[in-house]
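Student: Position chain Y against the provided structure of chain Z, taking the given hints into account.
Line order of the protein sequences matches chains Z and Y. Counting from 1, position 55 in the first sequence corresponds to residue 511 in this note's numbering; the numbering is continuous, with no gaps. Counting from 1, position 23 in the second sequence corresponds to residue 228 in this note's numbering; the numbering is continuous, with no gaps.
Keep in mind that the hints were calculated from the coordinates and are not lab data. Wrong hints could be hidden among the right ones.
[Said to hold, decoys possible] With a cut-off of at most 27 Å between alpha-carbon atoms, the simulated DSS-like pairs for lysine-lysine come out as follows:
#, chain 1, residue 1, chain 2, residue 2
1, Z, Lys664, Z, Lys631
2, Y, Lys417, Z, Lys631
3, Z, Lys664, Z, Lys678
4, Y, Lys283, Z, Lys631
5, Z, Lys631, Z, Lys522
6, Z, Lys631, Z, Lys672
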Amino acid sequence: MRRGGKDESGLATDFPAITVRREAPVDAEATRKSFNEMSEMIVLDRLTKRFGALTAVDAVTMRVAKGEVLGFLGPNGAGKTTTMRMIAGFFEPTSGSAAVCGFDVVHAPIEVKRRIGYLPEGAPLYGDMRCDAFLEFAASIRGFSGAERRRRIDRVVEMVELGEVLARSIETLSKGFKRRVALAQALLHDPDVLILDEPTDGLDPNQKFHVREMIKAMAPTKAIVVSTHILEEVEAVCTRAAIIARGRLVADGTADSLLARLPHHNHIVVGVPQAEAPQAAALLRTLAAEDVAAAGGDVDGVATFSIAVDAIDGGLPAVAHHLKASGVTIERLYLERGRLDDVFRNLTLGADGEARP
Amino acid sequence: MRRIGAVALRELRSYFSTPVAYVFIVIFVAMSSALTFYVGGFLQRREATLEPFFMFHPWLYLLLIPAVSMRLWAEERKTGTIELLLTAPLTTAEAVVGKFLAAFAFVAVALAATLPMWVTVNILGSPDNGVIAGSYAGSLLMAGAFLAIGSCMSALTRNQVIAFILAATVCFLFTMSGLDLVLDAVRAVFPPVFADVVASLSFLSHFGSITKGVIELRDGVFFLSMIVFWLFATTVAVDLGKAR
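Just chain Z, with the same shape it has in the complex (with noise of 0.2 Å):
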């Protein structure tokens, strides 16, 4: 017969990845390492993915745990959705693992996929079909059928405002209902750990808002992994940010501590009139436990200072008081926190147009 062993071996030869790993194992939960539920939902160690030449992912090593919410941030073709492909068990890793609630994708594939809810890059959606049947489809995927295929559905349809729309065909739907389509498939199965690639791209700032409330009210509850390029969702929502460059982990913290990178965190900016420049440097130097630098030089005849905020004792309410009480006209002050578009700038372009490591 054409399927005989010759023909089962000779591909077994060709493709020894594939064969092998496509089996999952008999018994998924024996090869689930013991895990601490609260810290590490999502483990990645030294995740890496090659294409050919290419090195899309490069050793990235991270943890996300229950509770967190996760901004993945990097330019465009950094490896951001690759990255977030082998999580979810689209690509195998070329080498490292990546493991999710205790089970590594590669080994049980099947355990992971249950327990995450994924938003693919783009939200593709089958557009000829009707937006109620994809959702059954959705769920029957998932093992779901009768009364709690029935019950899960309303639950999403009601989290994400699909009702009006239920009933037409995908393709005819707006962008912003077709992200909302594609949200509801992964929160189906109420999964422990999210993984969302660009979820409010393309949605109008309301829709923003309301996909960024949604994250927030299950993030106690979740792990989440959340993509995106636009940095004010990372402090709108997230409780810490992974910045990722030509497939390198460059940065991994609390929005706060990667602001903390810049140069000018936390100084106050001091603006005087030009006129009276020399008169307010003599005074914050008197103030400043270090030298005080004029920042901006003349803008428009205002003359700026700026000062790290721990180098003045009282900070920035004392710099007020002395100014005033030395009748220096005060043009402008404020504490400049830095943006986070700085530190990314800073951390995905080198001097040289390299990734720092």
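Tutor: Using the frame of chain Z, we list chain Y on its own:
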């Protein structure tokens, strides 16, 4: 099993959500009838047999089955929905089988639409209904083998036209492999034993023996094992293809 069913049901629904399904069924029924009467000489034979009906099935399938199978995987890859499908908790093999079953059920519906032929021949005479039943089963199995080849070709590309042409070509080679057109070329290059192997893979000769009333297990097994082999190849192709 339930997950295979969910995939199959969705796929089947999508066949009927476009006019493609109805066009296919109408064309299949019209062409198979027209060929039977005008080319096969059904009435001139003055015999109660459906052989002139079944003898054209391999050629009809050659043209029409790639049209059914071309979208199976190529479209998923083109629109990116393959990412949704393969990140759902099911194995690639389950997805491959589910999609195949949908296409298979669809072709079965088209084939069932020709059942009036069977009724007609019973009104006109007294045919050997066992042979006709066997021929229907054989035709369906052969369609399955064509579909499995088409499914594999569809998994190799994201372009449906390319999938169609690849499937038609490979199906053509398997259909023709019993004829001298192919065998002479094989004999010229390889030792005679290869020609025998190639000839034994011919869809025409396996199907021909079924429609002539020689219903042997080995012909059924041949088509079934073709289906299994090509679905296995599809699974490999899908797994390799998604990494690009």
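Student: Hey, Lys631 of chain Z versus Lys522 of chain Z, does the alpha-carbon distance stay inside 27 Å?
Tutor: Violated - the C-alpha atoms of Lys522 of chain Z and Lys631 of chain Z are around 30 Å apart, more than 27 Å.
Student: For the pair supplied as a hint, Lys417 of chain Y and Lys631 of chain Z, confirm whether the alpha-carbon distance does not exceed 27 Å.
Tutor: violated (57 Å)
Student: Need the status of pair Lys283 of chain Y, Lys631 of chain Z: alpha-carbon distance at most 27 Å?
Tutor: holds (18 Å)
Student: Lys631 of chain Z and Lys672 of chain Z: Cα distance at most 27 Å?
Tutor: holds (22 Å)
Student: Tell me if the straight-line CA distance from Lys664 of chain Z to Lys631 of chain Z falls inside 27 Å.
Tutor: holds (12 Å)
Student: Compare the distance between the alpha carbons of Lys664 of chain Z and Lys678 of chain Z with 27 Å, and conclude whether the hinted pair is satisfied.
Tutor: holds (20 Å)
Violation of the numbered hints given earlier is confined to hints 2 and 5; the remaining hints are satisfied by the structure.
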